[in-house]
Structures are given as C-alpha cells and as structure tokens.
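Read off the chains here:
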Amino acid sequence: MDILHLLADETIQVGYALLGALTPKILALIFGGCLLGLVVGAIPGLTATMALALLINLSYGMELDGAVAFLLAVYVGAVSGGLNAAIMINIPGTPSAAATCLDGFPLAKQGKGGLAIGTGIIASFVGTMFSILVMIFLSPLVYMIALKFGHWEMFLLALFGIMICGSLSAGKDPLKGWIVGFLGFATAMVGMEQIFAYPRLTFGFLQLKGGIPLIPALIGVFGISEFLAVLQEEVAYKIEGRVGKVIPPLREFIPLIPSAIRSGIIGVIIGAIPGAGEDIGSWLSYDIGKRRSKKGHLFGTGSYEGVVCSEVANNAVIGGAMIPLLTLAVPGSPPSAMFLAAVWLHGVRPGPMLNFENPGFLPLVAAMLILGSVAMLFWGLSLAKPMVAILKIKREILLPIVIPLTVIGAYAGGVRIFDVYLMLGFGVLGYILRQMDYPLAPLVLGIILGPLADTSFRRALQQSRGAILPLLERPIGIILMLCVAWLIWTGIRGTQRYYAEQAAREAAEDDLPDPQ
Amino acid sequence: MTFGAALAIAALKMRVFNDSLLISPGLFPLILGGVFVLLGFFLLRSASKRGGRGQASRIVGTENLRAFAASPKVRKGMTLLLFIVLYVMALGHIPFLWASIAYLIVTFTYLKAMKLHWNVALAVAAAWAIAFAFSDLFRIPMP
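Sequence order for the protein chains is A and B. Our numbering puts the first residue of the first sequence at 17, with every later residue one more than the last. Our numbering puts the first residue of the second sequence at 2, with every later residue one more than the last.
To be clear, the hints were calculated from the coordinates, so they are not data collected in a lab. Every residue, glycine too, gets a C-beta built ideally from N, C-alpha and C. The reader is advised that the hints may include incorrect statements.
[What the hints assert, rightly or not] A few chain B residues that face chain A, going by a derived Cβ cut-off under 10 angstroms, partial list only: (1) F4; (2) A12; (3) L40; (4) S47; (5) K74; (6) V89; (7) L112; (8) A128.
Pulled out of the complex, with its shape left as it was, chain A reads as follows (with noise of 0.2 angstroms):
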C-alpha cells in the first residue's frame, strides 16, 4: 500500500510540475534547447555528449528549472538528431544512431527517406514518454531499496558500476574497460579527500587541491578527442535520395507496437545500467528484433521496424539512464553523466537523500523530459528538409568552431585558465585512448564514482572496526559481491576467447599460401 501511495503522490507530482512548467520562459528553453540538440545530434562527429558539453555552459546563469528544463532538452533532442544524417548519408550523426543506418539508409536510396525520418522521429517520441513512464514509476521503488544501503553496499555499488560498464563498453575484451574504469578511479583520488580533508597526489599544484573538476575533464575527454579522431579521418559523403513525404500513415504503425514495447524495455534496461548508453542499447534492441520478428529477414533491406527498434530503443536510455543517476548518483550514459555535473553546480546532490533534501526534483525531470520530448517530435516532423540541408555544410568549416566552445565550457565554471589546460590534458588522453580502442565511458564513471567509492569502503571498515566479515553477512551486499564476481569470471573468459579466436586467426592467415 506505501508503495501505491508513493506512486500516486508521484504521479500527481509530476503533473504539477508539467502545470508549473508551462511558461513561455520555460517553453523557450525547451524549444530552443531541443532544436540545438537537435542540429548538434545530426551534425556527423558530434554526439550527445558533445552537444551537452557545448551547451552545458549556457546552463551556468539559469535558474535550476530552467537548467533542467534546457539540458534535457538538448539531450532528448541530441539523440533524436543523430537519425538524419543516418537515414540520409549513411553515417549515424551520433554513435546512437548506428544501428538506424542499416535500414534507414536503404529506405532514403528507395526514394523514401522523409517517411523514415518521420518513422524514426515517432519511434525517439514513443522511446523517450516509454522510459519516463518507467522512470516515474520505478524510481521510487529504487528510493526505497537505496535507503537501505550502507557504507558497503555504496561501495560495492560503485566498483560494480565501473565493472559492467567496462564489460559492455569494452565490447569483446573487458579488461580494457576495467582498466579505463579503474584510471578513472585513480583520478578521481586527485585533491582533498572527504573524510579528513587530506591533499592527495596535487604535486604541488594548488589547484589540484578541490580534485578534478568534472566538466573540464568530461568536455576534454569528449570534446576535443573526439574533434580530433573524427576530423583526422577523411570521410566523403553524399545525400542520397530526396526527403520526399515525412509522416507516415497511421496504419503502418500498428503492425510495429509489439516491437516498440519491446525495444522499449531494452532501452531502459540498458539505460539503467550504469553508463551502458544509448549505442548499446540501440544495437541490442536492433539485433533482438531481427531475430525475434517475423518480417527479421527484412532487416538490413529498408524495414521500418529495423528504423523502429533502433531509434525506440536508443531513446529509450534517456529515462532508464535517470533511474540510477536520480536515486543513486549513477549515471546510466554518458550524456546523463553531463547532466549529472550540471545539476551539481546547482546544488542538487542526486542520491538516495533526494527524495528528502530536493522532493521536487524527480517530478521536474519527469515533466522536462516529457516537454522535451514533445518539442523533439514537433521539430524533428517539422523541419526533417532543413535538417537534412545543414548534413550539406562540409564538417572541416563546422567542426573547429566547437573548439571555442569547449574552452569557454572548462573555463565557465570554476573562472579559472588552469580548468581549460585541465582539458587539453583530458582530451589528449581520452584521443589516445580512443586510438588504442579504449572504451572512454568507464573513465568518466569512475572520475564520477572514485570519491563515493573510497569514502564508503574506508567509512565501511571503520563501522566494522576492520573486520572484513561482518561486511560478508549483509544480503544487499551479498548480491552486489556475487555479480561483480560473476563480471570478472565472465569478462576474463571472454578475454580469452577473444584473444584465442584472434590467435587462430592469425594462424590461419599465416598458414595462407603466399600469392607472389
């Protein structure tokens, strides 16, 4: 009966937030931010995250709704964008999009691009209002279990996070991931600590002592490296195909609910899971329904359900991704960890002490993102042929003007120079990691998680008088120990087998006679 109660209390919530949020201040921001988004999303290179990291600094003088309301915005619309230039150019505009190129594309050569652009766009709408029904209605049954996490638990919580993330965004050898996760960790370990105010690893830099700021350092790691590993790469495209028709007819859709629902619940599962983000849960969702639909062998040959599963599911991760970042401080993607560090500067601490300390803050985002949603369908329907114009400008005049941008991103928050070298630095490790086919989602999570995770195993240890058993016995974190287990014995087998195929591949290429 609590938990009914709570749902309802919930839903009235957020029904008072969507009233409060109608206002032509709030409204603008919410349009404007989508568009932006939206352009930022179709524009191949720039992703999600980099949309965030460009906008994040126009957030800094808002008031926190109109924060909220902006980024949100800009984060629904970013991952709807990528569609465009997926369908049209076959290169997703953000990674998200990848899995819509296999049938979008095909559909823009059949002369029938606008009507996929405006499946596509449908299918982000219905993705995104799935997964804040989830997030509305989940989230407090998380609230609840979180409460109940100790010290131990928290910790286990942040070392699980960082392993599975490292297992899925590593794809096929997660000990690269881990190894990402565990450098984000160590970095986080840079300035004061929380429990005794003790400067660690500074190395005589004053600056160092209030740790690594996040924004710099995610704008770095996103930002720049990105620039850098999109524009070194020579990439010809042409548009093919008109736009033609943009909405399809109603009749086409009905046929694809069963594919929509389902997508659905895989978009928010993986937005749940922490930073997991939204390529993975596009390529899962696109990879289930080719094999679960009847029309599968269709995939890859121009079908709208493969646009469908793609572009649901992708949106979907936007809710899923706030179930862990509202109630446990976890991001589920990347961009959701922008968000994360933007609202930090407002002062809201996201956490199991939100629903005490910022009761109203779920419901705000709930009717944020439900607005932000709308204001995506309405702009992505409507201005599908100009979309498609702005993929005509080359990326060598668009891209380098984002470089400014970022450096007033680092500089904006702490109004410090040394916040904008901070960038560089992070830039140029996250381009070598990209390089050397380093996952940089566990960096981020961990830079995020770092300070959680060592206060909470030493505050742990403390409760316990350093007695490691009694932290065995407790059942939450009994469970957590036993699917970090299960992640390392799973991601080491992988390990090797990737590593055996690829030794007896290149065996067998040895073995090839030489052809001089």
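Use these hints to put chain B onto chain A, whose structure you have.
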C-alpha cells in the same frame, strides 16, 4: 604496472590517521595501485603468450615508427592537436576573441575548408558571434 607501482608508493607516503591505515587517505590509492599492477601483469602475460615480444620489437622498430610518423592520418591528428595546444596556451596571454580568430583561420586553412578570404571572414564572424553571445547575451565569464 609502472603506473600502479608509482600510485602504490605515493599512497604509502600519505599520512596515517589515528594509527590505522583502514581509514587513512592512502588506503584506497594503495589498493588501486595493486589492482593496476595485477591488471598490467595480466595484460603482459596474455601479450607474451601471443608472441608479444616479437610484435613489440616490430612495433617500436625504426621502419614501423617511420611509417607511423608518415601516416597522413597521424599527421593530421597531431597537427590539429598542436593548433589546439597553441590556442589554449595563447588564451593565457591574449584576449579570447583574437586567439579564437587566429585559431579558426589557421585551422580552416589547414583543413582547406574554403577559399582563404572566406576562411578569414567565417573565422572573424564565428569568433565574434561566440564572444558576443556568451559574454554579452548570456553573461558567461570568458577566458
């Protein structure tokens, strides 16, 4: 492995509070150092099993390094990075607007974005628009 060892040594040098390492600031970095040493060992072991020593000497060999440095992709990436480094260094000494104009002109020209006069015009317009929008419109502190 070296990074892990360095982290562990730095952690051991940190102050111990209340005569107990358990709550002291060095505990977690010490464990992390150990984890890096362990992960580094696993990486080295699996690499050596796959004939890593031979591959490593081939990779750091003169021929390979020369080919790496001559690769157009690497050169382009490094040049673009150099422009950013110079731009960021310049920001500490000259105003944002001028540094941004210079950076954009150089980068547009290097990337052959447009004809030179258009590169200059766009660089000036973009840098001015950014500076005006952020400092005057949004009142954001500028470098």
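How the hints compare with the structure:
no.: 1; hint: F4; in the structure: holds, 8 angstroms
no.: 2; hint: A12; in the structure: holds, 8 angstroms
no.: 3; hint: L40; in the structure: holds, 5 angstroms
no.: 4; hint: S47; in the structure: holds, 6 angstroms
no.: 5; hint: K74; in the structure: holds, 5 angstroms
no.: 6; hint: V89; in the structure: holds, 5 angstroms
no.: 7; hint: L112; in the structure: holds, 4 angstroms
no.: 8; hint: A128; in the structure: holds, 7 angstroms
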